[in-house]
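Novice: Spelled out, the chains give:
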Amino acid sequence: MAEHFRLTVNGNESELEASPDTPLLYALRNDLGLKGTRFGCGNGQCGACFVLIDGHPAPACDTPLWSVAGKIITTVEGLSKGRELHPLHNAFLAEQAAQCGYCTSGILISAAALLAKNLRPTEREVREALDRNLCRCGSHNRMVRAVLRAARE
Amino acid sequence: MNTVAETRLKRPASLEKNPRLSQWLHVHRDGTVSIYSGKVEIGQGILTALAQIAAEELGIAVERIRMVPADTALSPDEGVTSGSLSIQDSGVALRRACAQARTLLLERATARLGVSGGDLRVEDGSVHAAGRSTSFWECADDALFDRDVEETAALRSPRDYRVVGKPAPRRDLPDKIAGRPRFIQDMALPGMLYGRVVRPPHNFAGLISLDDSKVKSMPGLAAIVRDGGFVGVLAEREDVAISAQRALRLAASWREADPPPRDVHTWLKEHAAEHRVISEKENADARSRATRALEASYTKPFLSHASIGPSCAIAQIDDGKLAVWTHSQGIFNLRRDLALALGMREDAIVVRHAEGAGCYGHNGADDAALDAALLARAARGRPVQVQWMRDDEFAWAPCGPAMALSLRAALDAHGGIVDWEHELWSNGHSSRPGRADDPALLAAWHLARPHKRPSAINMPLPAGAADRNAVPIYDFPSQRVVNHYVREMPVRTSALRSLGAYANVFAIESFMDELAQTAGIDPIAFRLRHLKDPRGRAVIEAAAWRAEWDRWKPAEGRGHGIGFARYKNLGAYCAAVAEVEVGHDVRVERLILAVDVGLVINPDGVINQIEGGAIQSTSWTLKEQVKLGARGIASLGWEDYPILKFSEAPVVEVELIDRPELPAVGAGEAAQGPTAAAIANAVAHALGLRMRDLPLTHERIAAAISQST
Numbered sequence: 010m011a012e013h014f015r016l017t018v019n020g021n022e023s024e025l026e027a028s029p030d031t032p033l034l035y036a037l038r039n040d041l042g043l044k045g046t047r048f049g050c051g052n053g054q055c056g057a058c059f060v061l062i063d064g065h066p067a068p069a070c071d072t073p074l075w076s077v078a079g080k081i082i083t084t085v086e087g088l089s090k091g092r093e094l095h096p097l098h099n100a101f102l103a104e105q106a107a108q109c110g111y112c113t114s115g116i117l118i119s120a121a122a123l124l125a126k127n128l129r130p131t132e133r134e135v136r137e138a139l140d141r142n143l144c145r146c147g148s149h150n151r152m153v154r155a156v157l158r159a160a161r162e
Numbered sequence: 034m035n036t037v038a039e040t041r042l043k044r045p046a047s048l049e050k051n052p053r054l055s056q057w058l059h060v061h062r063d064g065t066v067s068i069y070s071g072k073v074e075i076g077q078g079i080l081t082a083l084a085q086i087a088a089e090e091l092g093i094a095v096e097r098i099r100m101v102p103a104d105t106a107l108s109p110d111e112g113v114t115s116g117s118l119s120i121q122d123s124g125v126a127l128r129r130a131c132a133q134a135r136t137l138l139l140e141r142a143t144a145r146l147g148v149s150g151g152d153l154r155v156e157d158g159s160v161h162a163a164g165r166s167t168s169f170w171e172c173a174d175d176a177l178f179d180r181d182v183e184e185t186a187a188l189r190s191p192r193d194y195r196v197v198g199k200p201a202p203r204r205d206l207p208d209k210i211a212g213r214p215r216f217i218q219d220m221a222l223p224g225m226l227y228g229r230v231v232r233p234p235h236n237f238a239g240l241i242s243l244d245d246s247k248v249k250s251m252p253g254l255a256a257i258v259r260d261g262g263f264v265g266v267l268a269e270r271e272d273v274a275i276s277a278q279r280a281l282r283l284a285a286s287w288r289e290a291d292p293p294p295r296d297v298h299t300w301l302k303e304h305a306a307e308h309r310v311i312s313e314k315e316n317a318d319a320r321s322r323a324t325r326a327l328e329a330s331y332t333k334p335f336l337s338h339a340s341i342g343p344s345c346a347i348a349q350i351d352d353g354k355l356a357v358w359t360h361s362q363g364i365f366n367l368r369r370d371l372a373l374a375l376g377m378r379e380d381a382i383v384v385r386h387a388e389g390a391g392c393y394g395h396n397g398a399d400d401a402a403l404d405a406a407l408l409a410r411a412a413r414g415r416p417v418q419v420q421w422m423r424d425d426e427f428a429w430a431p432c433g434p435a436m437a438l439s440l441r442a443a444l445d446a447h448g449g450i451v452d453w454e455h456e457l458w459s460n461g462h463s464s465r466p467g468r469a470d471d472p473a474l475l476a477a478w479h480l481a482r483p484h485k486r487p488s489a490i491n492m493p494l495p496a497g498a499a500d501r502n503a504v505p506i507y508d509f510p511s512q513r514v515v516n517h518y519v520r521e522m523p524v525r526t527s528a529l530r531s532l533g534a535y536a537n538v539f540a541i542e543s544f545m546d547e548l549a550q551t552a553g554i555d556p557i558a559f560r561l562r563h564l565k566d567p568r569g570r571a572v573i574e575a576a577a578w579r580a581e582w583d584r585w586k587p588a589e590g591r592g593h594g595i596g597f598a599r600y601k602n603l604g605a606y607c608a609a610v611a612e613v614e615v616g617h618d619v620r621v622e623r624l625i626l627a628v629d630v631g632l633v634i635n636p637d638g639v640i641n642q643i644e645g646g647a648i649q650s651t652s653w654t655l656k657e658q659v660k661l662g663a664r665g666i667a668s669l670g671w672e673d674y675p676i677l678k679f680s681e682a683p684v685v686e687v688e689l690i691d692r693p694e695l696p697a698v699g700a701g702e703a704a705q706g707p708t709a710a711a712i713a714n715a716v717a718h719a720l721g722l723r724m725r726d727l728p729l730t731h732e733r734i735a736a737a738i739s740q741s742t
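Protein chains in written order, with the numbering used here: chain A, 10 to 162; chain B, 34 to 742.
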């Protein structure tokens, strides 16, 4: 049965009606119109749907609505401050760090979580932080370079 | 060798089919130019490169170019975006069209300004003469481009290029990196319903029963659609559609066909339907000099596209007309097969391209379009979006075919190859829509009045398909190459990036190393001594130089190796050097690739494609194989089909050899074969053991080591 939920997403309070078992992913994408978080596998194995929940990267596809009540959710859209892009966004553009770009949002989320706790990560630390995210096009090295660039700038 | 002058004489196929100038571009009053290409963005950056070509010939800033997404109602029909041909097809056509458009615009401008052509100053579409000025934007009207594209307009010389040849940032990436809606998966049309299809087990032979009593009453469910063995759901919410799909899966019972063979490669060799000698050179003199013979067999498994974003489509039926949004590689072919499957006229269907997740060949995009169209029939005019689930994608998108290969060669006393034989066994590498009497669309085979599933076929040489790159580029005095075509398909196969070239180059280049070792000659010297083609020699030498091949320091468990090919024997040249460390697993530490794509349009685009191709090939080569079980494909999630991770990706260095005087060719499929061979050769160098079956997993290496001791 549908219930009433109040979510805190990207600093905004939003309300919606949905079943408590609804994955957060569909609430974000279809109820709140935040399409940057993407479906990849449905069981948290690819990282395409990562969002920050209380600062930790977590798969929105595998996170039911009931479990995020009262928590702070940040999506890829929330990394920017208004029209000002996050340094990671700018670094990814500068490095042209994508091919298809479908995995990018989830990777930015993992990278943002890393940079929030480690201002100057080593290349190895970046790779480890991104290891829960899959990329199929082979843009790995460009993305690693972009995260290191964002940390420098 | 082709030269620019030679290609100028031949009218490109894209222009044969779409001869009117107005089909290719439209100049707007606001100072922008719409460019219509039939090729589509699939993550490879093609629209950026085509915009560069158009801007260059028009002599305007690239920012003025608007690339219009392909649409059957608007765009030239350029077939399929595949085979690394978009630069050759659309690029060449647009170059001519834009050169002619510029000439026409300048004639108009001259007339308007009342001066002779020589006195004009033209800058970014503005035309000045005798103190007066006009612009392309003022001179253009519909009548001006209502004519055929002609061959006469002078093309800008590559020496004068200002846009082409310079790195250009991808036009689509700002949206994709900022997380803005850009993919078909992100489209939300007013009133849109969400659909899912309840797929049978892979070895489907019919639906026995379906108990939908519980699902029917789900709140938010809009419809259950059933047509023979095709079962789908429509819901107001996407999560409800998924729950209904899952519940119906449990409530369905299916008739199943025979399981796939256990040993696919033996099965392939036993089931060849056609045997074709595709190259034969006989030199008895040379053969009589043979002192040693060698033979070896190689295998490649079924591979999955494994895109991160599963296939998706949107369809809407309104007043008997069907509109489809798709990330298909061939919108016109898809329209044809949709018409066949739905019993509609083609002119009642519009198919529009919308960008999807990375596309590496014939994936589920076309199938999802038919799924959406079938569900849209029950949606009373509302649009329907269908996205496949992860297991749908693994189980039902076509696989890259498994292949078995046997090679034999003879050496003379000086280590020269005097005879060469290459046999391959494979299913066809293309079952794309648009080519058969029956629709090549999954759901069409499961309907109450089912269509026949077309067998995968091979396109003819010289590009070839299963036999792509099977004919050696080396100069051997005697050779014989045989393609054994297997029509019967244990799993659905179709085009996956580089088609047969991946396995053929892996086998040829592995075997070249085995022969070099037998002859006691360095692998690079051995290749060069059998290769006359100067561009081929140049990439091998460049890769060896950049990798400092001659300064290799031997160390326990480490090895280096080389692989080389010219894609299709017609396209890009690529040599790869791999440096590996073999411990528990193979770790590829570094890949150095030298590439010659002729004229380089967008250097960063080429490098990005080569890096990506090399890393994807590393993943195929070390980790990937589709597992088969009693019900068909058993790799249904990432746990069953692991791909290369960030911590496993090698350093990749790319050396570009720019040849502005030569035609530009695509880069997307050049690296796969050479990378696989380079890795396998490096592993053999590290272990002193030859691995001939892909992928090169820990289990395979452990087995090879235990057999050798």
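The hints are simulated quantities; they were obtained by calculation from the structure and are not laboratory data. It is possible that some hints are incorrect.
[Claimed, not checked] Chain A stretches covered by chain B per the calculated footprint, using a threshold of three residues with CB under 8 Å from any CB of chain B:
1) 49-55
2) 60-72
3) 121-129
4) 138-147
[Stated by the list, open to error] Computed Cβ-Cβ distance ranges for the label pairs, DEER-style:
5) B:Gly616 - A:Gly64: 32 to 40 Å
6) B:Asp352 - A:Asn52: 37 to 45 Å
7) B:Gly616 - A:Gly42: 47 to 55 Å
8) B:Thr65 - A:Asp30: 29 to 37 Å
9) A:Asn52 - B:Lys314: 29 to 37 Å
10) A:Gly64 - B:Thr136: 42 to 50 Å
Glycine included, C-beta positions come from ideal geometry on N, C-alpha and C.
Novice: CB of B:Thr65 to CB of A:Asp30, is that within 29 to 37 Å?
Specialist: Between B:Thr65 and A:Asp30, where Cβ atoms are some 48 Å apart, the hint is violated.
Novice: Could you check the hint for me, namely that B:Gly616 and A:Gly42 are 47 to 55 Å apart, CB to CB?
Specialist: holds (48 Å)
Novice: Go ahead and decide if the range 32 to 40 Å is satisfied by the Cβ distance of B:Gly616 to A:Gly64.
Specialist: holds (36 Å)
Novice: Three residues minimum, CB to CB under 8 Å: does the region 121-129 of chain A make the cut for coverage by chain B? Let me know.
Specialist: With 0 residues closer than 8 Å to chain B, the region 121-129 of chain A misses the three-residue bar; violated.
Novice: Holds or violated: the 29 to 37 Å window for the beta-carbon distance between A:Asn52 and B:Lys314?
Specialist: violated (54 Å)
Novice: Count the residues of the region 49-55 of chain A whose Cβ falls closer than 8 Å to any Cβ of chain B, and tell me whether that reaches three.
Specialist: Check passed, 6 qualifying residues.
Novice: Residue count check for the region 60-72 of chain A against chain B: does it reach three with CB-CB under 8 Å?
Specialist: It is violated, with 0 qualifying residues against the three required.
Novice: Within the region 138-147 of chain A, is the number of residues with a Cβ closer than 8 Å to a Cβ of chain B three or more?
Specialist: This one holds; 8 residues, not fewer than the three required, reach chain B with a Cβ under 8 Å.
Novice: Starting from the hint 37 to 45 Å, judge whether the C-beta atoms of B:Asp352 and A:Asn52 obey it.
Specialist: holds (41 Å)
Novice: A:Gly64 and B:Thr136, beta-carbon distance inside 42 to 50 Å?
Specialist: violated (60 Å)
The structure fails to meet hints 2, 3, 8, 9 and 10 from the earlier list, while all remaining hints are met.
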